[in-house]
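Protein chains in written order, with numbering that gives the first Met the number 0: chain A, 0 to 268; chain B, 0 to 330.
No lab work stands behind these hints, which were simulated from the structure alone.
Mixed in with the good hints there might be a few duds.
[Stated by the list, open to error] Here's a subset of chain A near chain B, in silico, CB distances under 8 Å, partners left out:
# : residue
1 : Val10
2 : Val17
3 : Val95
4 : Pro97
5 : Lys259
Each residue gets a CB set at the ideal place from its N, CA and C atoms; glycine is no exception.
Single-letter residue listing:
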Amino acid sequence: MLERLLLSLRVVYARLWVRIKGSNRELEWVIAEMLIPMLTLSTYIYLYRMLRAPPQFAGFVMIGGTMLAFWSNVLWNMSAQFYWEKETGTLEVYFVAPISRMAILAGMALGGIVNTTLRAVAVLVLGIVVFQVPIAMHEPLTALLVFFLTIIALYALGMMFASLFMLYGREAWHTANLLQEPVTFLSGTYFPASQLPQMVQLFASLIPLTFGLDGIRKVVILGQGIGDVWLNIVALVIFILVLLPLAKFALSYMENMGKKEGRLTLRWQ
Amino acid sequence: MLGDFVETRDVVRIFGKKSEAVRALDGVSVTIKEGEIFGLLGPNGAGKTTLIKILTTLLLPTSGEAYVGGFSVVKEADKVRKIINLVSGGETPGYGILTVSENLWFFSQLYGLTTSVAKEKIKRLAADLDFEKYANTRMAKLSTGYKQRMSLARGLLNDPKILFLDEPTLGLDVLTAKRLRTYVIDWAKRQRKGTVLLTTHYMAEADEMCDRVAIISNGRILACDTPQKLKDELRETPIAKIEVASVQDDYGFVEKIKGVVGFSETRNIQTGVTSLKVMVRDMKVISQIETKLNEQKLKVLSANETEPTLEDVYIKLVGKGFAEVEEKTDA
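Produce the entire structure from the sequences given, and follow the hints as far as they go.
In structure tokens form, the structure reads like this:
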């Protein structure tokens, strides 16, 4: 048992190390990943200023841009990773090794969180320093709590998607494409989701990012406290409690199905 | 626990649904002894990779049983994974952006090696397989040959009790292929009881490396013995190699000549020469073939009796060479 735990920790660290080392080795890549969210943030801030929207809107966009970096990472670098690893034969190596598949996913997720945090900080700095976005945070610990719960829920979702990508390859790729913009829209990345019609808000509540964004904005931009975001916290905890075991189940189910159907290592599907 | 290190019993693997079902393995039963280098020889599509995938826990058999090191590949997959490793030819698992050493360190972590042990092992393998000078080169910048050396090193990081090699020299130049083959043979000896299951469609590779060879075609094991014994069975059947100065003609008529037991052809577009390998009941048939070729206005460059090879064993068993079988499968 202890031996298995130590092996899993080694695998988590190794996969995390690969992700961080790989992602930061190519400067062009790092610059692009930081520059694109910054440009998007600038566009929305100028748009809101032109429309004479309340200054808090710039704060909404800043938080939205920060969290969007994580969502994009979950979707493209986390979920899609197994697809690429299948194409290169690396997935085969994982499945032949006596390791927990969840350890690989956890390593990928942690590496993604570390990398994206650096990019997200760049967006925050731009917003606060350059655009003088008003911050009214009284409870930084509550902000951190909501932030980390959101990140865990998002990456748990990414872990679940990873198993779909693993088996369905190109079809799952289209699904990710389909998820990118609708989630950005429904979760209210660039505006408060409360502005959406109620029926649409109902759909939006199925996405952890919606609760995370709303909670962080309330605490960081509107100066609210834990008493105002408890519902967000409960919702995010529920997401985590449901998504993590579901991700484990999905991975195991997909692996078995792949082994039955012979699709686990089948390339160019 | 069964007596042999690897044992399969009547393994069947079917791909696809009823109407389009393909029987990739059709009742395969083989045993491999500990310390043996065992070859699975057959053309593309014969079922070699399917069997390796079942034995390495990547694929479930449709029916039958398979054991590695006494563990069931279906029910005790985790125990199997602790004692095996797999190296497939023509692909390089890993991350192109990382260096060779970094990739190997990462893979060593999948087997729980401490960093100091892993580094020591990587250094030794890099020296043994002659890729020390590329240890700090990004994997994406390596040539195919060096990528395959790295893959082999990866497969040996955990000192597996059995190493599965799936077409390990595919696409490699002659020298690199030879070096890898020699290394694997030495490794198996050094490990004392290091077992290797090799799939290949290169006859010379199977002949050079394997203690025993199973010839597989259409998912069935047709023969299984030492390369020498397999070839010895052909002593009574003369084999001739006839070279003809044309690559465009149809030589199908040769196999219809009475007394021809097996036939295969290799066309060399660059030299304009077709080599016909003909297995006959007695050598008199060869002169009949030459006469027929002359009648067709085909210039015979040479006709000589040759020593039997493993390909000839295959031709005798199937009636055709690898190329013809692969062509038929593709069609």
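For this session: Report the numbers of all earlier hints that the structure fails to satisfy, in ascending order.
Result: none
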